[in-house]
Structure formats: structure tokens, C-alpha cells
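A.B. asks: Sequences listed follow chains A and B, in order.
Note that the working numbering has the first sequence beginning at -15, numbered continuously upward.
Note that the working numbering has the second sequence beginning at 3, numbered continuously upward.
These aren't lab readings, by the way, just hints derived from the structure by calculation.
Any given hint might turn out to be false.
To be verified - Not close to chain B: a few residues of chain A, all C-beta gaps over 10 Å, as computed:
{"no.": "1", "residue": "ASP10"}
{"no.": "2", "residue": "TRP26"}
{"no.": "3", "residue": "ILE34"}
{"no.": "4", "residue": "ALA64"}
{"no.": "5", "residue": "LYS65"}
{"no.": "6", "residue": "GLU110"}
Unchecked claim - The calculated BS3-like cross-link candidates involving lysine-lysine, where the alpha carbons are at most 27 Å apart (straight line), are:
{"no.": "7", "chain 1": "B", "residue 1": "LYS270", "chain 2": "B", "residue 2": "LYS183"}
{"no.": "8", "chain 1": "B", "residue 1": "LYS152", "chain 2": "B", "residue 2": "LYS178"}
{"no.": "9", "chain 1": "B", "residue 1": "LYS153", "chain 2": "B", "residue 2": "LYS183"}
{"no.": "10", "chain 1": "B", "residue 1": "LYS183", "chain 2": "A", "residue 2": "LYS78"}
{"no.": "11", "chain 1": "A", "residue 1": "LYS78", "chain 2": "B", "residue 2": "LYS178"}
{"no.": "12", "chain 1": "B", "residue 1": "LYS178", "chain 2": "B", "residue 2": "LYS5"}
{"no.": "13", "chain 1": "B", "residue 1": "LYS8", "chain 2": "B", "residue 2": "LYS323"}
{"no.": "14", "chain 1": "A", "residue 1": "LYS65", "chain 2": "B", "residue 2": "LYS183"}
{"no.": "15", "chain 1": "B", "residue 1": "LYS327", "chain 2": "B", "residue 2": "LYS221"}
As the list claims (entries may be wrong) - Chain A regions said to be covered by chain B (calculated; three or more residues, Cβ under 8 Å):
{"no.": "16", "stretch": "15 to 24"}
{"no.": "17", "stretch": "77 to 83"}
C-beta atoms are modelled at their ideal positions from N, C-alpha and C, and glycine is treated no differently.
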Amino acid sequence: MNRIFEIGGERHEISPYGNSELLPMDDGPSWLLHGGSSHRIWMARDGDRIFVRMNGRTYEIEEIDPRSTAKDGAAADDTAKAPMPGTVISVEVKAGQTVRDGEVLMTIESMKLQTQITAWRDGEVEAVHLAPGDEFDRGAPLVGLKGEEG
Amino acid sequence: MGKITKVLIANRGEIALRIIRTLDGLNIASVAVYHALDADAPHVAAAGEAVEIIGDTPVGAYLDSTQILRIAWETGADAIHPGYGFLSENAEFAEAAEAAGVTFIGPKAETIRLMGDKIASREFVEQNGYPIAPSVTLGDDKEAFKQAAKKIGFPLLLKASAGGGGKGMQIVEAAKDLDGKIALAASEAERAFGDGTLYAEKLIERPRHIEVQVLGDGKGGVIHLGERECSIQRRFQKVIEEASAPGLEDGLRKRIHETAVGIAKAAKYRNAGTVEFILGADGEFYFLEMNTRLQVEHPVTEEITGLDLVAEQIVLAETGKLAHKQKDIAFRGHAIEARLYAEDADNGFLPATGPLLAFKAPEGEGLRFDGGVEEGQEVSSAFDPMLAKLTAFGDDRSQAIERLIEALKQTVCLGVATNVDFLSRVAAHPAFRAGGYDTGFIAAHADELQPEPIGEDVLEILLTAAQLSGKGPIAPPLAAPEPYASIGEWRN
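Bound conformation, chain A alone (with noise of 0.2 Å):
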């Protein structure tokens, strides 16, 4: 089966190489060959999200479920998910309001500093999943705004 793999914000979908192997060595790196050449490498994984360190620059790469692809997509966008951990400090906006572009819809607390999540375009607030005190964790979805008609 094919995998895919989202490396940037790109996602890229490949049939399973046969001729590449990943040779750890004792104290940390791997040698990665493939195509006939080869590669020291760092790489560590935990779950879905891949690390691997080659040249001085470390790269993350999530490896996505082909099976959940359907369905994420064009809802993820309106709603606005928590980018660290964190505790919410106060909530600006109620389920239904009309919100315009940049307008506070939340602040939030992760690591002693304080974020304003705003709306990222016009529009109807859906849901507001959190509300102040509660704490969350990173991708926890905020505030949602009602899907764009058309």
C-alpha cells in the first residue's frame, strides 16, 4: 500500500521503495543508503511525526493515515486549533456572532505568555470548544467558524 507523508505542509504519496536500508550505528546516527548513495543521518520517531537530521538541518515529517485523509481537509480550516499547550484566558466571542477578519475571538496562556486567537476571515462563530480556565492541549481545537457557503 502506498504511504504518505507530509513533510512542510506538502504531502507526498509513494509506493514503497525495495532497494533502501537504514543502517543505525552505535552511538546515534544511521547511515542511510539508497539509490547508491549514502547518507548519515539522525532520525527518531514518536507516533506519526518523524525526525530526521541530515546536513545540519533537522526536518519534521508526519506520516499520515491514508485512511483518515477524507475526512480531514476543508473542515480543519475553520476551526482555529491551540499551536502549544496551554490554558484559556478569556473567550470574546459567543456561538453565532458575527465576526470580522482579525477580530479577538480568544486569549490564550501557554508558558507564561498570553496569545490572541483572531478570526482569520469574516464570518459566523460555530463553536467555541473552550471556555476560560479550562487547559488544553496542542491541535485542541478553539473556536470554530461556520463553513464559507458555496
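Take the given structure of chain A and dock chain B to it, following the hints.
C.D. replies: Same frame as chain A, but now just chain B:
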């Protein structure tokens, strides 16, 4: 005062480790304290003794002065080193320690109190004839404050009176933004410091952040250990610091040193401290604040003076006397420190969390690595996101830069987003190499500091590596319950 035989380190992470290193060298026993989250942290293993502290939150445990003083008593520690952050600038703690007969390795409580209040400290500096930037304090009359702020002109800076580290700080671009920014800054200040008092300050054009390390005997004797350039900042927090400040004209450098020494003398400053200044493009400089503790970036001063600042602090605490005369302080070479943060440098420098799956410090000539984390540790949102400091020393500035770039390239930190590649791009940037940059550096060069697009050949290697990293996606199509997300045959 008196001989110090055992020191409790009221801190964690890299600074706790760094203090223990000097204590070991001086044959002084060390006591570490730690919250359960830090049970496996390197500073716990390195200390002679370690005692667990508890709190409502992990940070709360390290801020619990009563508990920490009790541990000092129980373990027979005759001194406390507070490091930076946590209790280091807490006057009540310093007082309580001294009252309990434990030496506080730092300034007198009254000095901490004076310098900890940004408004009082500015008044003190001004009264002693040293320069401060035009500013106004927000009292009960918000309208009067707004009028006065408009007089200073825009853009201006809103700051928390009790603040530090950029918390509660806001830039106001125009009069119409004042109300919103005041509310935001006051709420952040209230949460961070329990005090929402604000002041507005002139925003200096092309400002450089220059600070001077001083040592004082508490009786008016003060020497300086040169200046540090700390203008590479993001979110008002320092990222790269160097000593000496590049391209500073000698007369100006001398005036800045003399001003710092004058301020510290006026305060009868005791122990190690730092006087921070804002230097404008016009060569005018203003007192910003005084940090009454060891600074994060103290290693660059150590590298160019050959002094161990923690050892200097201990001698001062023991004897109340300066071990050196000003004329004996010599400066050699150039040092640059880069702070390694767990943060997403390509997305607004937001703090990042995650497991340290792989971690390797760089090695090489002229390199110093002050780290407080180990592979396998979890980087949580409970603490400050700084993971380590990397300091490169060179005979001259360009050698220090080359060594820093090479060291950053060698550094491996996987599992949590870090700024290590961003630091490399800053260090390699022509405007950084040229020196004379200001605190707007990162914003001004934001586009050039973006990572380069990933080339086709690299992409192919990455996709190959990704395939070989596991047999397939881990998460089922619907969100997995947490336990399932952390077990599985792919993990080793």
C-alpha cells in the same frame, strides 16, 4: 558571612548543573532540590545530596521559599545559590534566608527590592545623575496616562513595572491601539507578577541592548567585567549574546562601563549583578534595568575574562571583599552564546513540547556546552523552554562565529521543535557577521532567516528515511486513546 561549606541550589536545569560544577571544584558540598518531574534530571544526579520538593505546580515547588529554607536547615546548608529566575530576585526570600542564618549568595534584600521595581530603580538612577529614557507610569488616571504616552510619541513600549523577560511587554504603534494594548499588557503583568502596574517608554530607534557585568562588595566597592551585546532577541527575549559588543567605539564603551559602575556604587551593590542599557543609533544610552543575580548569558563574560563568576560570587559572599582590582581584569578573545530553546522558530517562536528522543551536544575547540537536559527526558510546558546554552570562544569574533556555526550544525535535538537551525541561520547571516546590529535584527531579516525550500534530492532522501522509520501510520483513522498512542512495536 563566613566560610561556606555546603550550598543549596534553589534552581534546576543547566544553571543548577553549572553551579554544582564550581562547588565541586571548590570542594564545597552541594544540595539540589527537585520537583518529581525533574527526578531524572542531570542536576539531581550531579549534586552531593538531592531533596524532593512538592508544590501545586512544578514551578510552584521551586518558588516555595519556606519549603526550600526548611531543606537548607535540615541538610545543614550554610548558603543558598538561587541561580536565575525562580527565587533569585525575591527580596523576601533573601531576607528570610539571612534571618535563618543561611547566607544568600546575592545582593542585599533592599537592593533586590529597589532594582526589582522598574519605576523605583529608574528614579534612583535618575536621582544619581545617570540617564534614563523618557517614560510615564500608569496610575489611577488612565486618560492622563494616555495623554502623557501620546506626548512621548509612537511607537512606544508598554512594560510591566514588576516585569522582566518580556512578559507584559507590548509595542504600541499608534494612539488607536493604546486601549487594547494596555488591557493586554496589564492582564499579562497581573498573571505573571501579581501586579498589573504598567509604564510606557520611548521606543529608541535601532536600539542595541548592551549590559555590563559588575561585582560589588556591598560597601561601595565595584568593578566591571566588561559589557555584553544582547541585541539578538525574539519576543523581547535574548537568543544570542556576545562579549565584547562588536564595533563599539572605545570612548563610548568606556562611558557605558563607567555609568554601570557608578550606578552599582550608588546602590552599594553586593555580589554579582548586571546593569542593562539601551543604546540608540545616535550613541545615546539609557539605563534599562539592573538584574540582581547571575545572568543566563554570564558564560561569555567568563570566557573573555577567564574568571568563574560563580566562584567570584562565593568569595564575595564569604569575605565581603573584591578579589580583584579593576586594573587586573583583562579581556581576551571573543565569545558568543546561543540559547537553545524548545520552540517553533518558523512559526512565531511558539514554545514547543515533546520527548527528547535524540540529543547530542556538539564537541570541538573553543566550545562550551551548558545543558540541563538529557535524551529521554520530556520537555513539558511546566518550565521555561530553554534547553541549553552553547558558547563558542575564538581569538577574534570571526573565529568565534565559525566555531558557533559548526557547533550548531553538530547539535542534535530530535523529538521536540527547537531553534537550533534558526540560530545557525542567524549566525551565518551577513548582517550578524558585520556586527553593529540592533534588537530589530530578527524582525528586519525575517524573510532571509526563513529555512530554504527543500530540494527534490533531499525530499527523496527524507521520504526514504521516513518509510524506513516504521511500518506505517500509528494512529487509527479515528483519534486513538492516549495509552494506545504511546505503545507499539515501532518504539525502541
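A.B. asks: Now tell me, hint by hint, if it's right for this structure.
C.D. replies: Against the structure, the hints:
| no. | hint | in the structure |
| --- | --- | --- |
| 1 | ASP10 | holds (13 Å) |
| 2 | TRP26 | violated (5 Å) |
| 3 | ILE34 | violated (5 Å) |
| 4 | ALA64 | holds (14 Å) |
| 5 | LYS65 | holds (12 Å) |
| 6 | GLU110 | holds (20 Å) |
| 7 | B:LYS270 x B:LYS183 | violated (37 Å) |
| 8 | B:LYS152 x B:LYS178 | holds (10 Å) |
| 9 | B:LYS153 x B:LYS183 | holds (17 Å) |
| 10 | B:LYS183 x A:LYS78 | holds (22 Å) |
| 11 | A:LYS78 x B:LYS178 | holds (25 Å) |
| 12 | B:LYS178 x B:LYS5 | violated (59 Å) |
| 13 | B:LYS8 x B:LYS323 | holds (20 Å) |
| 14 | A:LYS65 x B:LYS183 | holds (24 Å) |
| 15 | B:LYS327 x B:LYS221 | holds (15 Å) |
| 16 | 15 to 24 | holds (count 4) |
| 17 | 77 to 83 | violated (count 0) |
Hint check: violations occur at hints 2, 3, 7, 12, 17; the rest are consistent with the structure.
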